[in-house]
Amino acid sequence: MLRTRWWTPWLFTLPALAVLVFFLIYPSLETVYLSFLDKHAQAFVGLANYVRVFTSGETLVAFRNNAIWLVFFTTLCVSFGLMLAVLLDRVRYEWLAKSVIFLPMAISMVGASVIWKFIYAYRPPGIPQIGLLNALVVRFGGQPQGWLVSRPWNNLSIVMVGVWIWTGFCMVVLSAAYKDIPRDVLESARIDGASEWQIFWRIVLPMMRSTILVVTTTMIVFVLKIFDIVYVMTNGNFDTEVLANRMYKMFQYPDLGQASTLAVILLLLILPIIFFHLRQARVRDEAST
Amino acid sequence: MLKKISGAVMVLFLLVGLTGTSQAAKQQVNIAVVWGGAELSAFEAVAAPFEKETGIDVVIESVGRDLSTVLFTRFQAGNPPDMAAMPNPGQMREFVTQKGLAPLDPAIVSDHPAAFKNLGSVNGKLYGVFIGADLKSLIWYDPKAFKAKGYPIPTTWSDLLVLSDRIAADGAAPWAIGLKSGAASGWPGTDWIEDIMLRAAGPEVYDQWVRHDIKWTSPPVRRAWELFGRIVRNEKYVFGGTMGALSISFGDSPAALFTQSPHAYLHRQATFIQSFIKKANPSLVAGQDYDVFVFPPIDAKVGNPLLGAGDLISVFRDKPEAMQFIKYLASAKAQEIWVKKLGKLGVNARIDPAAYPDPITAKAARLLQQADAFRFDGSDLMPAAVGSGTFWSGVLDYVGGKDLDAVLERIEKSAESAYK
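These protein sequence lines map, in sequence, to chains W and U. Quick note: the first sequence uses numbering that gives the first Met the number 0, first residue 0, plus one each step. Quick note: the second sequence uses numbering that gives the first Met the number 0, first residue 0, plus one each step.
FYI, nobody ran anything at the bench for these hints, they're computed from the structure. Check before you lean on any hint, since a few could be wrong.
Label-pair restraints from in silico Cβ distances [said to hold, decoys possible]:
{"hint": "1", "chain 1": "U", "residue 1": "Thr155", "chain 2": "W", "residue 2": "Val70", "range": "47 to 57 Å"}
{"hint": "2", "chain 1": "U", "residue 1": "Ser180", "chain 2": "W", "residue 2": "Val50", "range": "30 to 40 Å"}
{"hint": "3", "chain 1": "U", "residue 1": "Ala168", "chain 2": "W", "residue 2": "Leu59", "range": "36 to 46 Å"}
{"hint": "4", "chain 1": "W", "residue 1": "Pro26", "chain 2": "U", "residue 2": "Thr155", "range": "54 to 64 Å"}
{"hint": "5", "chain 1": "W", "residue 1": "Ala280", "chain 2": "U", "residue 2": "Asp65", "range": "37 to 47 Å"}
{"hint": "6", "chain 1": "W", "residue 1": "Leu10", "chain 2": "U", "residue 2": "Gly63", "range": "44 to 54 Å"}
{"hint": "7", "chain 1": "W", "residue 1": "Phe22", "chain 2": "U", "residue 2": "Lys2", "range": "33 to 43 Å"}
{"hint": "8", "chain 1": "W", "residue 1": "Thr12", "chain 2": "U", "residue 2": "Gly6", "range": "33 to 43 Å"}
{"hint": "9", "chain 1": "W", "residue 1": "Leu59", "chain 2": "U", "residue 2": "Pro48", "range": "28 to 38 Å"}
{"hint": "10", "chain 1": "W", "residue 1": "Met206", "chain 2": "U", "residue 2": "Gly77", "range": "54 to 64 Å"}
Restricting the straight-line Cα-Cα distance to at most 30 Å, the calculated cross-link-like pairs of lysine-lysine (DSSO-like) are [claimed, not checked]:
{"hint": "11", "chain 1": "U", "residue 1": "Lys278", "chain 2": "W", "residue 2": "Lys116"}
{"hint": "12", "chain 1": "U", "residue 1": "Lys339", "chain 2": "U", "residue 2": "Lys143"}
{"hint": "13", "chain 1": "U", "residue 1": "Lys401", "chain 2": "W", "residue 2": "Lys116"}
{"hint": "14", "chain 1": "W", "residue 1": "Lys224", "chain 2": "W", "residue 2": "Lys116"}
{"hint": "15", "chain 1": "W", "residue 1": "Lys224", "chain 2": "U", "residue 2": "Lys412"}
{"hint": "16", "chain 1": "W", "residue 1": "Lys224", "chain 2": "U", "residue 2": "Lys401"}
Among the chain W residues that face chain U by a calculated CB cut under 8 Å, a handful are [said to hold, decoys possible]:
{"hint": "17", "residue": "Ala15"}
{"hint": "18", "residue": "Trp200"}
{"hint": "19", "residue": "Asn236"}
{"hint": "20", "residue": "Tyr252"}
None of the values given here were measured: they were computed from a predicted structure. Yeah, the Cβ is synthetic: ideal placement off N, Cα and C, and Gly gets one too.
Kindly generate the complete structure, drawing on both the sequences and the hints.
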């Protein structure tokens, strides 16, 4: 019989803990330390990097765009996912529609960005359009648009690429939660004379609440770090900059102090969401026991 | 049990010993480059005779546009490649200040022009060797289209504007300008501004501007941008207008000159664009269907200094194979291959003029030799935060309609911290 000392659990988790400390905790602390140093990571500059981040025009644009991503990407992904989950449950070709909508998840974000770059391509009016979207616009009598260039709507063009990729994920998770709702609850509501809208808002949504919350927080944590799509499509030009892309550029210049500062700020933005998420999980656990 | 362990240990030692000795027997040098496609195969062709002659294995790592990040991270990790094609002299200088590069024997560049020797040196010591050069102050045109319309080749800036007005009045767009280039979008505009700066303010002021001895908001710099704006922001002057300039990639834009009925007549670009022109229209013949004239002077007192760039190679690890390879790369023999395959201009003065693949490249080489003055591409010399950062995005913002003073102030702000 194995006698458990107080340190036995720690011994078992030691390898995992060691990896965690070495590859996560230590680099994070080092980054925080670097954020107080200058661009060559040599001289101490105190809060100068933080001041520069919050006064630099480009970084403020990046903050604004991250907010745009946060609001639009999350809302569109979750609402489309929810809508599709509920509607597709009623059709026979559900498996086909779901597969098609989930397919973009299999493409890398860089690959998807390249695809959409071609879709958004612009050629001057009067010559054949090579971009799918402008070709359609011209076919129906409009003028070709610079989808990636015209501010500020170009941000939404890029957000739509992200939504195209990730709606499938939201749809699949929410669909599982939707199918979990006992059918007799919905049946009895229909018998009692509730309209479909009422059923949706008053019964379905509250019963799916925790899953929707999980999906939303997952999407928020993901979108605050958005990089690949912006980097490939515009590299942050035309006022589409985001914080992660800014950080990547800083590492290239190199300006290690600024880059570390942006990393720390991103971490501080994401941490509250994660804590909220974990607290929700704990509440759920306690509620179910 | 003990027998099993000792058996395993012996096998392990054997394997280590074998791999160790096999590596020691084969000499190799690895070089990280930004090139892919045609340029990469050309470089492989350059390395082949060296490999055959010396038996040293040249391992070429094609890194792509992220070369600067890769080099920087590997250098920081203490694991740089043996050699690298430096993205630009500015970055080479950054590595020198961090003591990352090995000084080279000045004798290997004895046949190179002084301008290129100086660009590859820091504080008098040689750290980089140019294997090829690009001439940037060229305007491409279709001689047949010009003849058909009776357009003259402009010899001054005002003549160039008069010609542009004439073409616009005839109903076409005079200029094909494409600023898009993935993550590097905006760089063709920086070439425009540098060419204008050289001719409007002169080489000395150009040098001051590149060193940040004068501000971005100062009058000569502002004037250069304004002159650029006179062309690029004029919707009637550019094919597709500013939207076209921002959305069309630099490689696709010259094709507008060679459509059935030309969409544009002039395209300002460096010598390398020839491979893009030929790829889009393989039937065109150099010298007949497309030709170049030199970017005209703006201020007669300044003359016509030429703008160019080059492919710079540096050595990170001082080992004999690397030094042998770089000596070979500086030689006329290696550069003739590079020149023949890519239509670039060789730096070594001993290159056989017959090595140039077409009359345009030969013309550019002649122009380079006869230049009043020569200056290296400014954005390549500036610290990356400006030269590959705010300068590029500043061009895109300005062409997109932003106020010039706001754009210049933003670049100036980034320059203040970048030059430290």
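Right, here's what the structure says about each hint:
no., hint, in the structure
1, U:Thr155 with W:Val70: 47 to 57 Å, "holds (54 Å)"
2, U:Ser180 with W:Val50: 30 to 40 Å, "holds (33 Å)"
3, U:Ala168 with W:Leu59: 36 to 46 Å, "holds (44 Å)"
4, W:Pro26 with U:Thr155: 54 to 64 Å, "holds (59 Å)"
5, W:Ala280 with U:Asp65: 37 to 47 Å, "holds (38 Å)"
6, W:Leu10 with U:Gly63: 44 to 54 Å, "holds (46 Å)"
7, W:Phe22 with U:Lys2: 33 to 43 Å, "holds (38 Å)"
8, W:Thr12 with U:Gly6: 33 to 43 Å, "holds (35 Å)"
9, W:Leu59 with U:Pro48: 28 to 38 Å, "violated (54 Å)"
10, W:Met206 with U:Gly77: 54 to 64 Å, "holds (57 Å)"
11, U:Lys278 with W:Lys116, "holds (22 Å)"
12, U:Lys339 with U:Lys143, "holds (26 Å)"
13, U:Lys401 with W:Lys116, "holds (24 Å)"
14, W:Lys224 with W:Lys116, "holds (21 Å)"
15, W:Lys224 with U:Lys412, "holds (26 Å)"
16, W:Lys224 with U:Lys401, "holds (28 Å)"
17, Ala15, "violated (25 Å)"
18, Trp200, "violated (43 Å)"
19, Asn236, "holds (5 Å)"
20, Tyr252, "holds (4 Å)"
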